[in-house]
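If you read the sequences in order, they're chains A and B. Heads up, the first sequence stops at 423 in this note's numbering, and the numbers go up one at a time, no gaps. Heads up, the second sequence stops at 423 in this note's numbering, and the numbers go up one at a time, no gaps.
Some clues are possibly wrong.
Same chains, same label: a pair holds when it works inside one copy or across any pair of copies.
[Unchecked claim] Okay, derived cross-link-like pairs now, PhoX-like style, lysine-lysine, Cα gap no bigger than 20 Å in a straight line:
1) Lys226 with Lys255
2) Lys356 with Lys255
3) Lys399 with Lys414
4) Lys378 with Lys15
5) Lys350 with Lys74
6) Lys226 with Lys378
7) Lys52 with Lys364
Source of the hints: derived by calculation from the structure; they are not laboratory data.
The lines below spell out each chain.
Number of protein chains: 2
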Amino acid sequence: MFKINTQLKNKLGRAGVIETPHGNIETPAFVVVGTKGTVKALTPEQVKNLGTQVVLANTYHLYLQPGDEKVKAMGGLGKMMHWDGPTMTDSGGFQAFSLGAAYGEKISKITTQPRGDRRGMSLKGLDGCVPRKGLPREGAVVDGGEASSIDPVMKLAKITEDGVEFKSVIDGSTHFFTPEKSIQIQHNIGADIIFAFDECTSPIASKEYQREAMERTHRWAKRSLDAHLGMRFPSALFGIVQGGRFQDLRKESARAIGSMDFAGFGIGGSFEKEDMDTAVGWVNAELPENKPRHLLGIGEPLDLFGGIENGCDTFDCVAPTRSARNGTLYTRDGKINIMNAQFTTKLEPIDKECGCYTCKNYTCAYLAHLFRAKEILASTLASIHNLYFIVYLVKEIRQSILDNRFSEYKDDFIRRYQA
Amino acid sequence: MFKINTQLKNKLGRAGVIETPHGNIETPAFVVVGTKGTVKALTPEQVKNLGTQVVLANTYHLYLQPGDEKVKAMGGLGKMMHWDGPTMTDSGGFQAFSLGAAYGEKISKITTQPRGDRRGMSLKGLDGCVPRKGLPREGAVVDGGEASSIDPVMKLAKITEDGVEFKSVIDGSTHFFTPEKSIQIQHNIGADIIFAFDECTSPIASKEYQREAMERTHRWAKRSLDAHLGMRFPSALFGIVQGGRFQDLRKESARAIGSMDFAGFGIGGSFEKEDMDTAVGWVNAELPENKPRHLLGIGEPLDLFGGIENGCDTFDCVAPTRSARNGTLYTRDGKINIMNAQFTTKLEPIDKECGCYTCKNYTCAYLAHLFRAKEILASTLASIHNLYFIVYLVKEIRQSILDNRFSEYKDDFIRRYQA
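Could you build all of it, start to finish, from the sequences and the hints given here?
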């Protein structure tokens with residue numbers, strides 16, 4: 005399902021094409037997130053017109069609302085949401101932990117680490133992105149729900165060898181996900197690319213616990229694969245590599261997952277910027293070259309460059325749309341906040357060089373008005389701009405790989421973006 | 005600027021065309037409301053694609069935010085909001101009273117009527133529509149702002165012969181509108197069709213006070229007209245007829261306003277359903293036949309039939325979009341609420357006979373999911389449907405007039421809608 009067009013010299017990055025039943029994805033590609041079966045504030049036509057190739061929905065959210073059986077009855081994710089292009093779903097593993105963590109006083113994460121070692125943990129993740137494999141920051145908005153202030157030790161989902169018990173963010177009801185159940189739910193949702201069920205770990209968990217979780221993730225990967233192959237479902241199943249920030253664990257996980265009969269791979273973890281060159285590179289050096297690799301939850305411009313040159317093909321992140329709804333907009337010269345007073349009189353688009361619908365038709369002054377007036381159109385126009393910026397950036401990076409000028413393109417972009 | 009194509013036999017209704025600098029409006033026509041310079045939840049392309057011919061914005065709201073000078077700097081209403089079709093603004097008179105009423109403890113409406121007579125007043129208006137010339141109901145949501153619980157006697161704007169003092173819903177600041185200032189603001193906003201400044205009256209005010217207010221409205225109409233003509237601005241100014249529910253006052257007001265050099269007319273008032281046949285008919289029987297007539301704030305299906313057959317050419321109302329955002333959707337068989345449980349499993353569109361974008365591409369089950377998940381797309385898809393329903397209904401009524409089968413069309417529609 006994956007063809008490589010061009011490989012970067014002396015680097016892991018490449019430009020290629022992933023084939024799916026709903027069309028091809030030219031990689032590297034940014035995957036637009038539609039958590040609950042809708043890209044927030046946009047119609048599918050708006051999503052398509054800004055250049056999106058593929059949409060990712062969240063298994064956890066759709067399982068709880070409207071329910072995966074209802075999605076199936078509506079013809080599956082794409083038909084339900086009127087999106088005829090390729091689709092993905094994550095496995096629900098991350099949300100079962102991070103969103104489940106916000107509810108229920110009596111559940112706790114079982115670890116072998118003494119409580120004291122895990123105090124004071126903080127998750128920096130990547131700007132604006134939800135760390136995919138960790139705890140939400142206190143009071144942070146987690147996509148699709150508000151995370152309450154969380155005791156990082158006591159309020160987590162319960163993990164057993166069989167699976168994860170968690171509480172619904174909608175009604176507090178208790179649910180149990182196993183690898184087999186995650187696959188069944190994902191089959192009901194019916195995306196083209198789905199992921200194996202994996203275990204969330206804290207980025208500051210001990211190496212001992214990271215190993216334990218990683219090994220469980222490998223056993224769950226095998227169970228996910230068996231469940232998937234047993235059902236002869238047309239989706240492509242990707243396995244997820246874990247291992248925290250430890251080189252030996254990351255390499256071991258990449259070899260273990262890479263040796264299984266997955267159609268592609270996801271790289272999970274709570275990444276810091278420097279992990280693009282370390283953990284991501286370690287993993288991709290081990291994974292089979294001829295299969296696609298998805299970096300989960302990454303989407304800031306500088307991290308995209310790092311992820312791509314270290315061998316990742318696809319990326320998903322809620323940052324472009326969430327930032328947009330908060331009035332934070334990307335430009336080639338860095339981010340702006342449209343709520344700043346200067347923009348109320350600026351009769352120019354957000355970015356004069358941008359070719360998006362918003363920049364072609366609206367001024368900053370009008371956008372500033374829409375945001376101040378709390379008009380829904382503000383979210384729509386800002387989301388179109390931010391998604392176009394990121395999607396188009398990755399398209400440009402792809403072209404620079406094809407044209408053998410990736411390094412120059414990267415240096416030029418970063419010099420200006422950080423100036 | 006107005007040509008009549010077909011006149012109903014034995015009735016005041018007609019089909020015609022209003023010419024504006026931004027294109028023609030085939031009448032009868034429903035005017036879509038974009039209070040703050042945006043039709044809530046929709047892009048201008050979505051507004052146009054559903055069949056909209058003309059958009060009306062509110063002078064009061066744009067004066068306060070972003071400010072009419074800023075709208076002018078952005079190139080005027082149409083250019084600012086990326087709408088290239090015809091535009092209208094109301095005069096701000098209604099909002100200065102009704103929204104101003106929600107603020108400020110020490111202002112009061114000066115009337116000649118004893119306090120006791122005005123107690124217990126209620127405004128029924130028309131379903132879902134803000135009564136254009138009255139007080140908001142207690143706790144009612146008024147377009148663009150929440151109306152607090154209001155003492156109908158003590159918290160109103162202050163009226164003098166010169167104009168109206170009111171408080172901003174945004175910051176409580178005090179403002180003063182005169183006919184001349186309303187016209188100046190409307191020129192800055194720059195719509196194709198604008199309205200003379202008029203006085204709000206309570207529908208249960210005494211006849212004595214209705215006469216006093218009506219006569220002041222006539223003097224303000226003259227001042228609005230003088231201000232408009234003095235500035236040689238290309239907009240078409242419409243005068244507003246008042247007079248409450250008294251036949252002699254309505255006729256007197258129609259003759260007075262009708263004798264002035266307005267390009268068209270607005271009919272103001274807090275209407276009940278029966279007023280379509282009485283007050284509206286009385287007024288249109290007196291107004292010059294060769295100029296267009298706009299019925300302010302009316303937009304429910306049955307009232308549109310009444311308004312049209314009694315001689316009105318255009319209508320505006322926030323009901324279709326506000327109802328949509330609340331999940332109340334029009335069908336040929338009456339209204340439905342998409343939040344009802346039955347719709348979560350209904351794999352059919354809202355209305356199988358509807359040709360709108362929403363009905364062509366989405367099921368009730370998906371809409372029900374979007375509403376339950378509080379997704380922004382719910383408002384967009386529901387607004388497209390409701391506006392299409394109303395806009396298309398008025399287009400069909402127009403065609404029935406041209407085809408000389410208005411009565412049959414009306415009877416068929418109402419029989420089914422009320423069944």
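I'd like to know which numbered hints this structure contradicts. Please list them from smallest to largest. 2, 4 and 6
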